[in-house]
Every structure is written in C-alpha cells, then in structure tokens.
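Chemist: Knowing the structure of chain H, use the given hints to seat chain Z on it.
Quick mapping for you: the protein sequence lines, in order, are chains H and Z.
First residue of the first sequence: 945, per this note's numbering; consecutive thereafter.
First residue of the second sequence: 945, per this note's numbering; consecutive thereafter.
Treat the hints as calculated values from the structure; they're not laboratory data.
There may be inaccurate statements among the hints.
In this list, chains with the same sequence are indistinguishable; a pair is considered to hold if it fits within one copy or across any two.
[To be verified] SDA-like cross-link-like pairs, simulated, lysine to any residue; straight-line CA separation at most 20 angstroms:
| # | residue 1 | residue 2 |
| --- | --- | --- |
| 1 | K1400 | Q1136 |
| 2 | K1167 | V1272 |
| 3 | K1431 | A1519 |
| 4 | K1431 | A1535 |
| 5 | K1435 | A1519 |
| 6 | K1225 | Q1126 |
| 7 | K1450 | E1273 |
| 8 | K1435 | D1407 |
| 9 | K1435 | D1039 |
| 10 | K1435 | A1513 |
| 11 | K1450 | D1323 |
| 12 | K1022 | G1135 |
| 13 | K1019 | L1178 |
| 14 | K953 | A1513 |
| 15 | K953 | A1535 |
| 16 | K1450 | V1269 |
| 17 | K953 | A1494 |
| 18 | K1435 | A1515 |
Given next are the chains, with one letter for each unit.
2 protein chains.
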Amino acid sequence: MPVYNPPVKDLSFVLHETLNVHESDVPGYDELDRDFTSAILEEAGKIARDVMAPLNAVGDQEGCTLDNGVVRTPKGFKEAFDTQREGGWTGLDCDPEYGGQGMPYVLATAVGETFSAANMAFNMYAGLTHGAYSAIHAHGTDEQKATFLPKMVTCEWTGTMNLTEPHCGTDLGLMRTKAEPQDDGSYKISGQKIFISAGDHDMSDNVIHLVLAKIPGGPEGVKGISLFIVPKFLVNEDGSVGARNGVSVGSIEEKMGIHGNSTCVMNYDEATGYLLGTEHKGMRAMFTMMNEARLGVGLQGYAQAEVAYQNAVEYAKDRLQGRAVTGVENPDGPADPLIVHPDIRRNLMDQKSFVEGARAFALWGATLIDAHHRAGDADANGLISLMTPVIKGFLTDKGFDMTIQAQQVYGGHGYIEEWGMSQFARDARIAMIYEGANGVQALDLVGRKLAQDGGKHVMAFFDLVKSFIKENEGNEALKADFLDPLKAASKDLQAAGMFFMQNGMKNPNAALSGSTDFMHLFGHVCLGLMWARMAKAAQAALDAGTGDAAFYETKIATGRYYMQRQLPATAMHLARINSGADTVMALDAEAF
Amino acid sequence: MPVYNPPVKDLSFVLHETLNVHESDVPGYDELDRDFTSAILEEAGKIARDVMAPLNAVGDQEGCTLDNGVVRTPKGFKEAFDTQREGGWTGLDCDPEYGGQGMPYVLATAVGETFSAANMAFNMYAGLTHGAYSAIHAHGTDEQKATFLPKMVTCEWTGTMNLTEPHCGTDLGLMRTKAEPQDDGSYKISGQKIFISAGDHDMSDNVIHLVLAKIPGGPEGVKGISLFIVPKFLVNEDGSVGARNGVSVGSIEEKMGIHGNSTCVMNYDEATGYLLGTEHKGMRAMFTMMNEARLGVGLQGYAQAEVAYQNAVEYAKDRLQGRAVTGVENPDGPADPLIVHPDIRRNLMDQKSFVEGARAFALWGATLIDAHHRAGDADANGLISLMTPVIKGFLTDKGFDMTIQAQQVYGGHGYIEEWGMSQFARDARIAMIYEGANGVQALDLVGRKLAQDGGKHVMAFFDLVKSFIKENEGNEALKADFLDPLKAASKDLQAAGMFFMQNGMKNPNAALSGSTDFMHLFGHVCLGLMWARMAKAAQAALDAGTGDAAFYETKIATGRYYMQRQLPATAMHLARINSGADTVMALDAEAF
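Here chain H stands alone, though its shape is the one from the complex:
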C-alpha cells in the first residue's frame, strides 16, 4: 500500500523563506503568516493523507461505471468528497461574495499539491468545478453568478469543461456542436463532446457543463465559437434543482489511468444552454478556465512525481539487496538497503531535485497570478502568461519521467499493480496530454508567447535571472555551485531565443522544430533560478543559525545536484534547436 506524507515543511519553506509571501504587499498576503499557512497546510495534509490517499488505489481498481444512464464513482468517493466540501476546501480561494474563503491562489496551490498527490483522479472533480467557477465568475452576468457560483464554491454542484469533439481537439475551429438561439434568450445545444473529465457522477446534485458551440450564421472557425452554461438539471427560479436537461452520458472512456475520474462522452440533444460572456467570444472565456487548468495540470505532473518519489525512497530504504561497493553498511542484515547504491541515489536525487524545484516554480507562478488578480500587476500577468506553457509542459513531461524512475527503483515489483507505482505513472501520463498536449504548449510558447508584447515578457524573465545573479555575485557560497551554472543555462536560453529571432521570420519551421526543446530548456532555467533562490534562503538560515540546519543543508545539497546533473541538458537542447528544420522537415510524408 503506497504511502503519502504531505510535504508541509517544504511547502512552508518555499512560501515563507523563498517567496516570502508574508512580506509581499499583494492584498491578502498580509494574512499569510507562517503560523496561519502551516495550520492550513497541516489540516489539508491530514485530509490528503487520511481521506484521499487511501482511496487512490480503490479508484484505480474500481473505476467509474455507467449503469442505466447513471455514473457511479468508486466506493468511498462520495464520503471523501463530503469531507472535502464540508471543510470548505473547495472554495479556499473563491470569492467570499459567493461563499468562498477568499484566500490567495498561492495558498490554494500549495493545498492543491497535497490533494493532487494523494489522489489525482478524485481531485479532478473539485478541480474542474473550480475552473468552471472561474469562468462564470469572470464572464457571467450577475444573475448567472448568483445562480451558479454559491453551489459551485461548495461543490454541491460540480462543473466541467466541454471542448473536444471526436474529430477536433487542438483545432477547435472544426467544431460541430451547434447552439440555436431561442426566443427566451436561451440556446438549444446539440452535439457530441468527448474526453469530458468529471463529466457526470453521483456525488453532486447538479453538474454545470461549460460547453463550446457554434451559433449558426456566425463567423467561420474559432472566431465563431461561443461558450454556454448547460446544467445537467435546469435550475428553478428559487434556485432549486429542476427538470433534467437534454444532456446525457454516451459512455465512459476506458483509459490508461485516472480511472477514478469519470471521463465521459457527453451527448447534447437540444439541451438548454445560457450564453456565458459574449457571442462568438467563447474562446476568450474558455481561456480563463484553460489557463487555470494548465497550471493545475503542471501541478499534477510534479505532485505525482512527489508521491511516487516518497514511495521509492521508502522502498529503497527497506529493500535489502546487494552490498555497498565501498563496504558493508548493514552488517547485521543479509544485505544493504538499495539506497546505498550510487545508481539508486542518482535516480532518487533526480526525483527529489526535480520535485522540489518544480514546487517552487509552481508556487512562484501562483504568486504572479495573485499579483495580477489582486493588485492588477500587468507585468506579473505577462510573465505568467509566458510561463504557463512551461509550467504545464515541462512539469508534466518531467513529472511523468520521474514517476517512471520511481517505479524503476522497485524492480519487478514496480510492474505489479498491487504496489501502486504503476498507477502513479499511468495517472501522470494524462497530464502530458490534456489541456493542450505538450507539443501544443511548446507551440504556444514559441509561436505566440515569446513574441507577445514585443518580447517584453521574455526580456523581463532574463532580467530577473540577470539581476538575481548580479545581486548575489558577492555571495561566495552561491557563486560556483549556483550562479555560474545558472548563468550558463540562461545564456543557452538566450541563444535559443536569438536563433528563433534570426530564423523564425523567414522560416517558421526553423523555430517550431525546436519548440519542445525550447520548452524544456526554459523549464531547466526556471528550475535553476528557483534552486538558486532556495539555496540562497537556506544558506542565509544556516548563517543565521536559525531553524533545522539539517533541512537547509539537505536543501543546498539537493540544489547542487540539480545544477550539476540536470542543467547540463540546456546545451543539448540548444544544439538541437540550432540544427533548425532541415533534418526535421526533410522527408516527404510518404517516406515515413
């Protein structure tokens, strides 16, 4: 049975010693003192560990079933969802006007990591609801907000996102779902949507579907897409749940993982829908959900790596196999634990240094969102807009790789479902795909975000790196181990950007052939920056003689590992990028 222990101490270190959230002047951050966030994280952690994690394997084994039109979730899910709802966890960062707790997003992100690590499939029910909440909150009328948000904040009603159709995923311009305007101002929605996470289930009184559809006669392609609120049950004037709407579940998909989440084919048959936002501007409204969802997916990537890592460590300490090459370390046992072996160490250090760097990166991203939402900081918005594909793409690609490495520590037992390591990998796999496959993230990064606002945001990122290096260049403890490798990696990133600038205009393929490599290169530099910041904080604490010295020493040693062993990847990515499109595009399609 896999274990999960919420990394409260490390979350706290990132929040308070690396990002210094309590010193920020972003409204609401003044509440985030260490005692307060620790109390929240401890409570959340208990639910993650004691309520959600024990249901992770149950969800995988039982899956969801469709029985006479009713979707049933695995045993125990409803009770766990009640616990999550009743504790107010689903509305942690929601608007108090609608019953939310009004906490900053960064705290919800920290809590979200523990929930997602404990049970990814389960947490998608609340996660999708949050996305739908945000879209209605940002684009809904006062009446729509009053009708839907209070119930969604509490997850009495859950939400979904309906984008994909059988013949179109990324290319939503091909969409066929139609919305016929009715005399009463509502629309009749007809069409089929697939891959709808949390599409239907037996845990809430209503499901509020946000559905992209085309109003006949509107512009072609994505410019003619509108967004609609389509409740499973219509809502009576008094706010109570009314008649069943014309939406039904066609089937539940058989997936590689996240079996605990009901991924549905949804059929809309003249279902009543209400326009959300403006006609034909549905893509913009959808992106409110989508950008949030992409950050949430990045978090899923490293959260699965975290829980897989924890189990790999346990196994490596317990399993006795072979002797240390430098001499017996466990003379009373028949063999030494796996953890004495250098290649097992190398594997575990890859995981540890990735997860901790990713955590800092994701939480830093969350502070940028707060700065934008709470303080109207346009620069922060530009930066997180640039970073979103990196957080989504890099953290899920690497997060999946790390679950595979964690599984490897178990040898043959890793391949047996009973041990749970296969599930972490199978669940993590989807994060590379949904909310825009990672190739699409890379395209978004290189094809759109880099040049956004005249390249201002990527320049701002480079300035961040440069000024951090400059401010700290007198810090001997950081120089060789952190600042120098960060500077080298950052130069590789700039060189890649330069290659795109010089070649992308005359041959867009030359830039896009390097898009995935660029996303990874960028991710490494971000984690390098995070590690440099964390090492600085840890060193400062050590110098001051405050706190748990062993924790800070471990932090610095782990950062050194990342800088020495992971950052050298930037040169490889740059070499690939610099090779351009010639070999990538050389073959005719028939030659494959």
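Modeler: Chain Z in isolation, oriented as in the chain H frame:
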C-alpha cells in the same frame, strides 16, 4: 485497431547492405543470400501481421486466468502458437540434431523482431523456451538433451527461467529455494519463485522449469547456487509425459502490461529436479540463458517502439488538425494532417531514427554471437559481452520513451485503451525492468564489462569507430554529416571512460554514479556508428544507381537527423559523469 507491417525491406537493407552477412565467412552465413532471407522474412512477417498482431489487444484485455490450478491463456493464443510451431519458427536457429533448422542467430533475431513487435506477450512463450533450450543445450548431459530438447525445439514443451524470489531479485545470494539430494541422483526442490514469465499455461503438453536453488551445505551466497531442470510433468522412460511433479502456480500477477503472458508465482514443494551442469555452478549456466534473454529484451524494447511508430505515422497522416505554418497543404480538407507540423515531425523523426539505428545495432550484435558460436571468435565474444548491457539497457530505455512519444501523437486518443497506444507503452515498460533492471545493466557495464580482459573489448570498440572514420574520411558525402559527429560523440565516450579509470579505483562511487549516463552515452555512440555505416551503404547504392533511390535518400536523411538531434546528448551525459559522486552521494539516507 493498431496496424503492424513487418519492415522486411529495412531488415533486408541492414542484413545485406550494412552488415553484408552473405559475404561473411562465418559458417552458415553463405546460405544467407538476399533471396533466401527475404523469403524467410516475408513468411515470418505474414504470421506476425496476420496471426500474432490481431491477438495483441485480445491478450491485453483478457489476460491470463488461474482457474482451479489451471492457467488459461487468452482466446486464440493456442491456435496462433500452433501456427508458429507448425511452421518451424520456434526452432529456426536451433540445433538440427534436435530438430532445429540450424539457421544463424542473426536471422532468428530479424524474425524475432517482427514477432515481438506484433505481440510481445505472446512471443515470450517461445522466447523463454528458447532460453531454456540454450541452457540445456550448453550444459545438459546427452540424456537430458535427448529427453528435453526435441520437444522444446518444437515448443510442444515450453520452458521457463526461475530466478527471483520475493525477497531477492538482483541479489541472488539471498536465495532460499532448496534442493535436497536424493539417492537416485535427483533432487527435491522446495521454495517459492516469483515473476515467472510463461510460468504455466494451456498451450503445451509440458513446461520445463529451469530453477535456481541451493543445495544444503554448499558455499554461501551466489557461489552455492545450482541450476535444476524441473518439469511440470515428469517424463517417462519412453519420453512421454508422466506424473504431475510437485510444482504449482500460486497466483498470476496483475501487471501494468504484457497481460497476455502468464507471469506466475511458482511454488515448489519437494518437486523432483535434475541438476543441470555442475553443482554450485548454477549462475554460470543461468547466464547462458540470461545473456540471450538480455539481447531478446533489448529487441523487445525497439520492437515495441517500431510498432508504436508505425501507428503514430498512420495517425499523423490521417488526423486533420490545424494548418501548416508555412501555408495550407490540404486545401480540399477542413485542416491539414498532423504530419505537416514541425513538432509532430520532430517526434516522428526521433522514433524513426531510433528504431532504425537500434535495428542495425541489435542485428550487428547477433552477428557477433554467430561469430563466437559458429566460428569460435573470442574477440566477437568479448565485444558482445561488453555490448549486452548496452543493447538491453539503452534499447529498452529509449524504446519505452519512443512508445510514449508515439502515444503523444494521438493526443487524448492515445490515453484511451481502445486505440492501442497505451498497450505498447505498458508492454514496453517491463523491458526496462526484467532480466536485470537497467540500473543493473549499467552497473554490469561500468563495474565489470569495461575492465574485462584488461579493457581489451572497449578498446576494440574504439578501434572499430576510429578505423571506420579513418577508412571513410575521404568520403565527402559522409564527412560533415556523419563522421564528424561520430568522432565527437566517440571522444565523449572515451573521456567518460578516462574519468572512470582515473577516479573509479580510489572512489568506486565516482564511476558508478555515472553508470546509467555511461550506458546511454555508449548507446548513442553505437547508434551513431550504425547510422554512419548505413549512410555509407545508402550513399554507395545511390552512387551506383541501383535499387530504390527514395529508400536510400530517406535512409540518409533519417541518419542525419539522428546525428544532429540525438548525438548531442553525449555531451550532457559526459558532463553528468564528470560531476562524479559528490552530489549523488551527498545526503544521508534519512535526508531523503
């Protein structure tokens, strides 16, 4: 429904234009003219495509079941096994004295790729039998050979390898299974073995288990291990199947993949066993099977990548999504096919360039085995001994990565089991683990094989690379695109070897911390050498104006991709290796 088309043309190119098997003076190779091997590969390919591949998804969905002590294989497996047996495919390279066809191992390897790609789980029944055949052939008495081999060549009786126990996998010294000597010269075997592939099933009249066990009173550790033949049914004097032996199936493991293969817990309860080879020298005999199995597993790794690649290409050509950045390419359709997009190309080229390089590498390895077995070539034996962990570890790590990349091409559909891409990845995953987890392969490579015979074999490999470069340095078509990158990569490999030599003695951890990186670095250089050889052959054919020019041009373009986009990884691996053990071994176990 996934497709599989045996790559007969490419196998033939490798055999006859790159390795030039028909020109070799290894006994038996004179038979391998192009018409003959093509006929064999075409026939094998038909069975792979028409008989085995259609059962791949069936095996995954049904799995094997244990019913009152009887293991049942998925529907259709027995009939397919009959087709394989009746065609003589199970004994292709077996000794004619025992009913085999006596073909070189290189041809059996080429056939094996197609079988393994078509249905990995199914082919393990014959594969394990072949390994057991080889061990009995090499170490059995004349009587043992006469009793068992003819039935195993035809797979009327199948075979297994029994090494692992619940508490020991890699560290076989901890083994508990006992073999008590009996007065009649036989032994009573008692103990439990786990993860026994093809451990029992309903497709053969008998199962011949090769079981490692300790004879009480023997030396401690691995030096006290002996190997035994333990048939499921005892064999009567007339060779017919007799009484049931004391071996039974405890359970069938629930695995991440290869569901079509019955991975069993085997219980031995005073089962009658016959010593194979010498008392206490069981490890040596086992390695006859093990080395063969490791090459077979390397082949599984790239074979799964091949079939996954084929399907990814089909999907990328069929699925219409988005428009080419350089202008519409499919004006009559609602969108362009995925294959126009640079990042999809990058993904497919990664796969294609890996698989074709891996194929050449595996078949080259098979020629070394033939040279050793058929011509007593000790140098060839040294080289393949060095290469075995690289073939196993590198081809399965990368092969799995490529199945994941192939799955990614499908977007959301890749995660749905129905499309079959998940199965390729889940099946390929085991190849990184069994027959020695890849970390153990890396340890074998760096800790044992590098220094074997005074480092003679690695020097021989470097000489091979150097002389290839030297012989061809006047070839302008090869120089910049192939020879220069190969030289650079090979220098990285030598530098890594030098680092190990200078540091490994005084600090073994410094070498072993870089073992996995070294295995990958070595693998890239091997594939680089293969690509240089293939490019030379293709260029020669183009210059001569013979054959299918488009095929040769594609070959060269694919090779250029590998050299430009994959070989830069060697510098990253070297940088990691050069960082030594400091950061890898920095933490106390408690700090993880």
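Chemist: If a hint holds in the structure, say so; if it does not, say that too.
Modeler: Cross-check of the supplied hints:
1. In this assembly of identical chains, the alpha carbons of K1400 and Q1136 never lie at most 20 angstroms apart, being 41 angstroms within a copy and 65 angstroms across copies at closest.
2. Only between protomers do K1167 and V1272 lie at most 20 angstroms apart by alpha-carbon distance; the minimum there is 19 angstroms, versus 68 angstroms within a single protomer.
3. In the homo-oligomer, the alpha carbons of K1431 and A1519 lie at most 20 angstroms apart both inside one protomer (17 angstroms) and across protomers (16 angstroms), since each shortest distance falls under that limit.
4. Taking the shortest Cα distances, K1431 and A1535 never come within 20 angstroms of each other, neither inside one copy (42 angstroms) nor across copies (29 angstroms).
5. Within a single copy, K1435 and A1519 get their C-alpha atoms as close as 13 angstroms, and across copies as close as 17 angstroms, so both meet the 20 angstroms cut-off.
6. For the identical chains of this complex, K1225 and Q1126 are intra-copy neighbours only, at 19 angstroms inside a copy versus 84 angstroms across copies, given an alpha-carbon limit of 20 angstroms.
7. With identical chains, the CA atoms of K1450 and E1273 are at most 20 angstroms apart between copies only, with a shortest distance of 18 angstroms across copies and 61 angstroms within one.
8. Taking the shortest alpha-carbon separations for K1435 and D1407, only the intra-copy value of 12 angstroms comes in at or below 20 angstroms, while the best inter-copy value is 37 angstroms.
9. For the identical chains of this complex, K1435 and D1039 are neighbours neither inside a copy (42 angstroms) nor across copies (61 angstroms), given an alpha-carbon limit of 20 angstroms.
10. Taking identical chains as interchangeable, the C-alpha atoms of K1435 and A1513 lie at most 20 angstroms apart whether they share a chain (13 angstroms) or sit on different chains (18 angstroms).
11. Neither within a single protomer nor between protomers do K1450 and D1323 lie at most 20 angstroms apart by alpha-carbon distance, with minima of 30 angstroms and 53 angstroms respectively.
12. Proximity of K1022 and G1135 under a CA criterion of 20 angstroms is satisfied in neither setting, with 30 angstroms inside one chain copy and 44 angstroms between copies.
13. Taking identical chains as interchangeable, the C-alpha atoms of K1019 and L1178 are never at most 20 angstroms apart, the minima being 28 angstroms within one chain and 48 angstroms between chains.
14. Taking the shortest Cα distances, K953 and A1513 never come within 20 angstroms of each other, neither inside one copy (29 angstroms) nor across copies (36 angstroms).
15. Only between protomers do K953 and A1535 lie at most 20 angstroms apart by alpha-carbon distance; the minimum there is 13 angstroms, versus 54 angstroms within a single protomer.
16. Taking CA atoms no more than 20 angstroms apart as the test, K1450 paired with V1269 passes between copies only; the shortest distance there is 12 angstroms, against 56 angstroms inside one copy.
17. In the homo-oligomer, the alpha carbons of K953 and A1494 lie at most 20 angstroms apart inside one protomer (13 angstroms), although the nearest pairing across protomers, at 60 angstroms, exceeds that limit.
18. For the homomeric pair K1435 and A1515, the shortest alpha-carbon distances inside one copy (10 angstroms) and between copies (17 angstroms) are both at most 20 angstroms.
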